[in-house]
Structure formats: structure tokens, C-alpha cells
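Chemist: So the sequences go chain by chain: A and B. If you count by our numbering, then the first sequence holds residues 1 to 165, one letter each, in order. If you count by our numbering, then the second sequence holds residues 1 to 165, one letter each, in order.
Incorrect hints may have been included.
Output of the computed footprint for chain B on chain A, the stretches with three or more beta carbons under 8 Å from beta carbons of chain B [unchecked claim]: (1) 61-74; (2) 78-88.
Only some residues are given here: those of chain A computed to face chain B with a beta carbon under 7 Å [said to hold, decoys possible]: (3) K10; (4) S11; (5) N12; (6) T16; (7) E20; (8) R29; (9) A34; (10) T35; (11) H38; (12) I45; (13) D46; (14) V94; (15) V158; (16) D159; (17) L162; (18) Q164.
Bear in mind the hints are in silico, worked out from the structure with no lab data behind them. Quick caveat: nothing in here was measured; it's all calculated off a predicted structure. Idealized CB from N, CA, C, for every residue including glycine.
Chain residues, written in single-letter form:
Protein chains: 2
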Amino acid sequence: MIPIVSIIGKSNTGKTTLIEGLIREITHRGYRVATIKHNRHGFEIDHEGKDSWKHRRAGAHLTVIASPEQVALIEDTKKDYAIAELRDRYISEVDIILIEGYKKNPYPKIEVYRKEISGQPLATSDDNLIAIVTEDPVTVDVPRFHKEDIVEITDLIVDLFLDQQ
Amino acid sequence: MIPIVSIIGKSNTGKTTLIEGLIREITHRGYRVATIKHNRHGFEIDHEGKDSWKHRRAGAHLTVIASPEQVALIEDTKKDYAIAELRDRYISEVDIILIEGYKKNPYPKIEVYRKEISGQPLATSDDNLIAIVTEDPVTVDVPRFHKEDIVEITDLIVDLFLDQQ
Numbered sequence: 001m002i003p004i005v006s007i008i009g010k011s012n013t014g015k016t017t018l019i020e021g022l023i024r025e026i027t028h029r030g031y032r033v034a035t036i037k038h039n040r041h042g043f044e045i046d047h048e049g050k051d052s053w054k055h056r057r058a059g060a061h062l063t064v065i066a067s068p069e070q071v072a073l074i075e076d077t078k079k080d081y082a083i084a085e086l087r088d089r090y091i092s093e094v095d096i097i098l099i100e101g102y103k104k105n106p107y108p109k110i111e112v113y114r115k116e117i118s119g120q121p122l123a124t125s126d127d128n129l130i131a132i133v134t135e136d137p138v139t140v141d142v143p144r145f146h147k148e149d150i151v152e153i154t155d156l157i158v159d160l161f162l163d164q165q
Numbered sequence: 001m002i003p004i005v006s007i008i009g010k011s012n013t014g015k016t017t018l019i020e021g022l023i024r025e026i027t028h029r030g031y032r033v034a035t036i037k038h039n040r041h042g043f044e045i046d047h048e049g050k051d052s053w054k055h056r057r058a059g060a061h062l063t064v065i066a067s068p069e070q071v072a073l074i075e076d077t078k079k080d081y082a083i084a085e086l087r088d089r090y091i092s093e094v095d096i097i098l099i100e101g102y103k104k105n106p107y108p109k110i111e112v113y114r115k116e117i118s119g120q121p122l123a124t125s126d127d128n129l130i131a132i133v134t135e136d137p138v139t140v141d142v143p144r145f146h147k148e149d150i151v152e153i154t155d156l157i158v159d160l161f162l163d164q165q
């Protein structure tokens with residue numbers, strides 16, 4: 001089972017910047033990373049006028065775009081898949097999955113916290129909180145990091161989820 | 001096994017327009033269509049600056065973008081997957097797959113032919129040719145259609161690949 005780590009926090013706390021740093025550092029250490037980004041309000045991908053875009057517009061349930069270096073897929077869904085369903089359906093051949101955009105989920109969590117934006121931390125009472133990333137004073141029972149501590153946060157992730165493999 | 005039909009022909013013969021028409025008509029009859037578009041020279045998808053784009057740029061091997069209505073996936077590949085591999089890996093819950101951009105392949109083929117562009121038809125001697133779509137005089141052993149004969153071409157596809165299911 002591919003381990004999943006969830007990055008949580010309100011908008012504009014720096015979640016995406018943290019994930020970018022973690023992807024770079026974990027990849028640098030030789031592990032393969034997948035990400036899942038959840039957009040509650042839908043998303044646009046592909047470019048108007050491209051063949052794949054035309055296929056979808058004409059009603060294709062699913063379109064695959066293939067090339068020697070990458071493959072893309074766009075698929076209609078009847079529901080908002082649970083994270084485990086997305087993993088089982090779409091993800092293989094990676095060592096870890098980082099997810100962003102799911103507020104409630106049962107996976108280990110790293111919270112990015114900024115007092116002026118966040119009010120109280122979202123996950124202080126969450127059993128699955130493994131770390132908090134903040135520049136502000138907080139009282140939590142988990143390791144606390146600054147946003148530039150990418151190496152140290154990666155150490156924690158590797159220690160908890162990747163070293164045993 | 002989901003049936004695969006390949007639309008072939010040189011550039012600017014009208015392949016994409018034909019596929020769009022077929023997707024609409026086959027979907028209209030209650031079947032689910034997937035498409036595979038092959039781009040030998042690679043492709044761009046996603047939009048610069050989006051989180052998913054940042055994930056990939058940071059080195060993510062695979063990125064899933066999920067929403068209640070659609071899911072997209074962009075994945076690095078080590079090779080140009082064969083059509084059957086793409087089907088097995090990425091496609092389910094559809095009735096038929098239409099493919100475009102693969103010149104040589106072992107699947108039933110519909111050739112879109114324009115004399116001024118194509119020279120000789122590509123597939124006259126191809127055992128898997130099931131139809132030719134052209135406005136020009138050609139000598140072939142398979143049914144010949146005009147480009148507006150979407151209903152009739154769909155009849156053929158349904159008859160050959162979908163009626164038995």
C-alpha cells in the first residue's frame with residue numbers, strides 16, 4: 001500500500017510551496033512522488049482547440065493523450081472519489097503520495113499554519129497530525145518546523161513512511 | 001476486452017472532425033466512448049502556474065487532479081506505451097475506444113482519404129481496414145463513406161463491435 005501524507009491548512013498559508021519543496025527533496029533522495037490535488041469546485045485542464053479538448057467536448061467519457069515521455073488522462077466521474085479510490089484506480093509505481101485540498105481525511109497530516117490567517121490550528125486535536133509548519137507560536141504535541149526546514153520535514157517523512165520499505 | 005477502432009489518415013484529411021462526429025453519434029446511442037490521441041512529439045497540458053503544474057515541475061512522477069465531476073492524471077512514462085497497454089492501464093467503464101495518431105497498429109481501421117493530400121490510400125492492403133471515408137474516387141474492398149455519413153459509419157461500428165455486447 002503506497003503511503004499517503006496529507007498537507008493541510010487554510011488558503012494562502014503556503015501549502016503549495018511546502019509541497020513543491022517536499023516533492024523536490026523526496027525525489028532528490030531517490031523516491032518517486034505522486035500528488036493528488038483536490039479541487040472542490042472543479043478544474044480546467046487541457047487547451048481549447050486541441051484534439052483532446054475536442055474529443056471531450058464531443059462527449060468522450062475519457063480521453064488519453066499519449067506520447068513517448070508522458071501520458072495524460074481526463075475522465076468524467078460520477079462522484080467525488082475518495083482518496084483511497086484515486087490511489088487504487090490511478091496510481092502505481094510511486095513510493096509516496098502527497099495530497100492537498102482535502103480537509104477531512106484519515107491520513108497522516110502536516111499542517112501549515114499562519115496565525116493571522118488560520119485562527120486556531122485545524123488539526124491540534126487530530127490524532128493523525130505528524131507535524132506543524134509555522135512561524136507563529138503554537139502549542140502542539142507534534143514536531144514543529146519552519147517553512148524552510150524542507151530537509152528536516154523530509155527526514156521525518158522518510159523515517160515514518162519510506163525507510164521501512 | 002474493450003474494442004478499439006483506429007482512425008487513420010494523413011494530416012489535414014479531416015480525422016479529428018470525423019472522430020468528433022463519431023463520438024457524438026456513438027454517445028447519442030447510449031454507448032460510452034474513450035479516445036486515445038497519440039502525439040509522437042510530446043504534448044503540453046495543464047496551465048502554467050496551477051498547483052498541479054507546480055507539482056509536476058517540482059518533480060512529481062504523477063499528478064492526479066480530482067473534483068466531483070472529473071479526474072485528470074499526468075504521468076511520466078519510461079516508454080511509448082502500446083495501445084493495449086494504455087487500455088489496460090488507464091481505461092475502464094467504456095464500450096469502445098477510438099484512437100488517432102497511430103499509423104501502424106493491429107486494430108480495425110477507418111481511413112480518411114483525400115487524394116490531393118494522401119497520394120495513395122494508406123491502408124488499401126491492410127487486412128484490418130473496415131471502411132474508407134473520402135470524396136475522391138478510390139478502389140477498395142471495404143465500404144466507402146462520405147465525411148458527412150456519420151450515422152452510417154456509426155451503424156457499421158455498432159454492427160461490428162457493439163451490438164454483440
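Chemist: Work down the list of hints and note, for each, if the structure agrees.
Modeler: We went through each hint and held it up to the structure:
no. : hint  : verdict
1   : 61-74 : holds (count 14)
2   : 78-88 : holds (count 4)
3   : K10   : 15 Å, violated
4   : S11   : 11 Å, violated
5   : N12   : 13 Å, violated
6   : T16   : 5 Å, holds
7   : E20   : 4 Å, holds
8   : R29   : 11 Å, violated
9   : A34   : 4 Å, holds
10  : T35   : 4 Å, holds
11  : H38   : 5 Å, holds
12  : I45   : 5 Å, holds
13  : D46   : 6 Å, holds
14  : V94   : 5 Å, holds
15  : V158  : 16 Å, violated
16  : D159  : 21 Å, violated
17  : L162  : 14 Å, violated
18  : Q164  : 20 Å, violated
Of the numbered hints listed earlier, those contradicted by the structure are 3, 4, 5, 8, 15, 16, 17, 18.
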